[in-house]
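Q: Per the working numbering, the sequence shown starts with residue 576, numbered consecutively.
These are computed hints drawn from the structure, not numbers from a lab. C-beta: ideal position from N, C-alpha, C; glycine also. Incorrect hints may appear among the rest.
Unchecked claim - Ranges of calculated distance between the beta carbons of each label pair, as one might list FRET restraints:
#1 GLN857 - SER879: 29 to 39 Å
#2 HIS684 - LEU606: 45 to 55 Å
#3 LYS834 - GLY788: 51 to 61 Å
#4 GLU790 - LYS741: 27 to 37 Å
#5 VAL676 - LEU747: 23 to 33 Å
#6 SER793 - ALA849: 37 to 47 Å
#7 GLY726 - LYS829: 47 to 57 Å
#8 GLY848 - LEU795: 34 to 44 Å
#9 PRO883 - MET837: 45 to 55 Å
Claimed, not checked - Okay, derived cross-link-like pairs now, DSSO-like style, lysine-lysine, Cα gap no bigger than 30 Å in a straight line:
#10 LYS735 - LYS829
#11 LYS735 - LYS828
#12 LYS735 - LYS834
#13 LYS831 - LYS735
#14 LYS834 - LYS741
#15 LYS741 - LYS826
#16 LYS741 - LYS831
#17 LYS781 - LYS834
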Amino acid sequence: CVIMSSDTDEAILFQDDEALHPASERQTSFLTALLAGGCAGTSVDVALFPIDTVKTRLQSPQGFLAAGGFRGIYRGIGAAAAGSAPGAALFFSVYETSKPVVRELQQRHGILGDNPAISHMVAASIGEAAACLVRVPTEVVKASMQTNAAGSQTLSSAIKTIVADKEAKAFLSPVFGGLYRGYGITLFREIPFALIQFPIYERLKKEWAAHQGKEDVSPLQAAACGSAGGAIAAAATCPLDVLKTRLMLGKDKKGKPYKNAMDVGRRILAEEGAGTLLSGIQPRVMWISIGGFIFFGSYEGFRSVLMPLDL
Numbered sequence: 576c577v578i579m580s581s582d583t584d585e586a587i588l589f590q591d592d593e594a595l596h597p598a599s600e601r602q603t604s605f606l607t608a609l610l611a612g613g614c615a616g617t618s619v620d621v622a623l624f625p626i627d628t629v630k631t632r633l634q635s636p637q638g639f640l641a642a643g644g645f646r647g648i649y650r651g652i653g654a655a656a657a658g659s660a661p662g663a664a665l666f667f668s669v670y671e672t673s674k675p676v677v678r679e680l681q682q683r684h685g686i687l688g689d690n691p692a693i694s695h696m697v698a699a700s701i702g703e704a705a706a707c708l709v710r711v712p713t714e715v716v717k718a719s720m721q722t723n724a725a726g727s728q729t730l731s732s733a734i735k736t737i738v739a740d741k742e743a744k745a746f747l748s749p750v751f752g753g754l755y756r757g758y759g760i761t762l763f764r765e766i767p768f769a770l771i772q773f774p775i776y777e778r779l780k781k782e783w784a785a786h787q788g789k790e791d792v793s794p795l796q797a798a799a800c801g802s803a804g805g806a807i808a809a810a811a812t813c814p815l816d817v818l819k820t821r822l823m824l825g826k827d828k829k830g831k832p833y834k835n836a837m838d839v840g841r842r843i844l845a846e847e848g849a850g851t852l853l854s855g856i857q858p859r860v861m862w863i864s865i866g867g868f869i870f871f872g873s874y875e876g877f878r879s880v881l882m883p884l885d886l
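Produce the entire structure from the sequences given, and follow the hints as far as they go.
A: Dropping the structure here:
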């Protein structure tokens with residue numbers, strides 16, 4: 576998934592017992608981040624859905640053609656559309672709310688100097704953990720439909736089949752069945768992704784604004800910064816994305832269930848070779864770099880409109 580964030584020149588005032596420390600980052604309100612993130616998330620996930628389908632089918636254990644090839648390229652778009660807005664909105668609202676809090680704690684306790692990248696990384700990780708509560712069920716249903724898995728002809732039948740899988744080795748499987756299959760590996764993918772992407776994004780925005788002698792960059796410039804950060808992070812985390820896709824699909828091409836992420840990795844290395852861990856890297860990098868441009872540009876655009884409203 577392509578999730579991303581805001582702010583350039585920070586403007587939080589932090590006061591400890593002794594002194595007032597100037598700030599570097601304008602705080603975005605919870606509601607502004609919620610609305611801007613939701614609108615941006617829906618825009619990019621729907622617009623670039625075909626690329627995501629190609630990537631998922633390249634990573635599936637049965638292979639690209641057997642998983643559907645270029646046929647039915649929009650299968651699962653309903654699941655993506657339903658989950659993208661709440662997932663992105665949850666991420667951004669938590670990210671923007673956590674960032675000044677983490678920054679204040681960092682300054683108060685002198686953690687790793689006065690480096691804003693730390694607050695960006697920690698806040699992004701917290702945001703990812705929250706967003707995955709929505710994103711993982713969406714991804715499981717979407718991947719099942721994209722690869723033409725048994726019982727996934729329609730959105731309702733896919734959900735019914737996955738929830739009925741009470742034997743799935745997933746979070747609260749007696750209640751949710753396989754809906755949270757792969758939650759752990761998704762977090763394990765998303766947090767490193769955020770740790771790479773957001774410091775690059777925020778730093779590029781800050782340097783670009785300083786180079787222009789301005790307080791902030793334009794939405795178009797922010798989009799370019801987000802695209803660059805996303806492309807680098809996407810390539811670096813592709814092996815984790817392959818493990819996530821396989822675990823969410825649940826079974827290998829012979830129908831043998833995967834036990835956990837370690838089992839997926841071991842079987843891929845033994846049966847298919849290490850090169851399989853880079854399956855789908857081209858569409859993944861393309862999707863996230865283009866998506867990052869659209870997403871960050873949309874987010875910054877919506878945010879610039881909503882912030883003066885003091886929501």
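Q: Okay, SER793 versus ALA849 on CB: inside 37 to 47 Å?
A: With Cβ atoms ~42 Å apart, the hint holds.
Q: Indicate whether the distance between the beta carbons of GLY848 and LEU795 respects the range 34 to 44 Å.
A: holds, 42 Å
Q: Is the Cα-Cα distance between LYS741 and LYS826 30 Å or less?
A: holds, 15 Å
Q: Taking the Cβ atom of HIS684 and the Cβ atom of LEU606, is their distance within the range 45 to 55 Å?
A: violated, 30 Å
Q: Cβ-Cβ distance between GLY726 and LYS829: within 47 to 57 Å?
A: Check failed, 18 Å falls outside 47 to 57 Å.
Q: Checking one constraint from the list: CA of LYS741 to CA of LYS831, max 30 Å. Satisfied?
A: The hint holds at about 16 Å.
Q: If you check the beta carbons of GLU790 and LYS741, does the distance land in 27 to 37 Å?
A: violated, 55 Å
Q: Honestly, do GLN857 and SER879 meet the 29 to 39 Å range at C-beta?
A: holds, 33 Å
Q: Is the straight-line distance between the alpha-carbon of LYS831 and that of LYS735 30 Å or less?
A: Roughly 21 Å separates the two Cα atoms, so the pair holds.
Q: Taking only the CA atoms, is the gap from LYS735 to LYS828 under or equal to 30 Å?
A: Answer holds: LYS735 to LYS828 is near 22 Å, not above 30 Å.
Q: LYS834 and LYS741 were given as a pair; does the straight-line alpha-carbon distance stay at or below 30 Å?
A: holds, 14 Å
Q: With the threshold set at 30 Å, check whether the alpha-carbon distance from LYS781 to LYS834 stays at or below it.
A: violated, 44 Å
Checked against the numbered hints given earlier, the structure breaks hints 2, 4, 7, 17 and satisfies all the rest.
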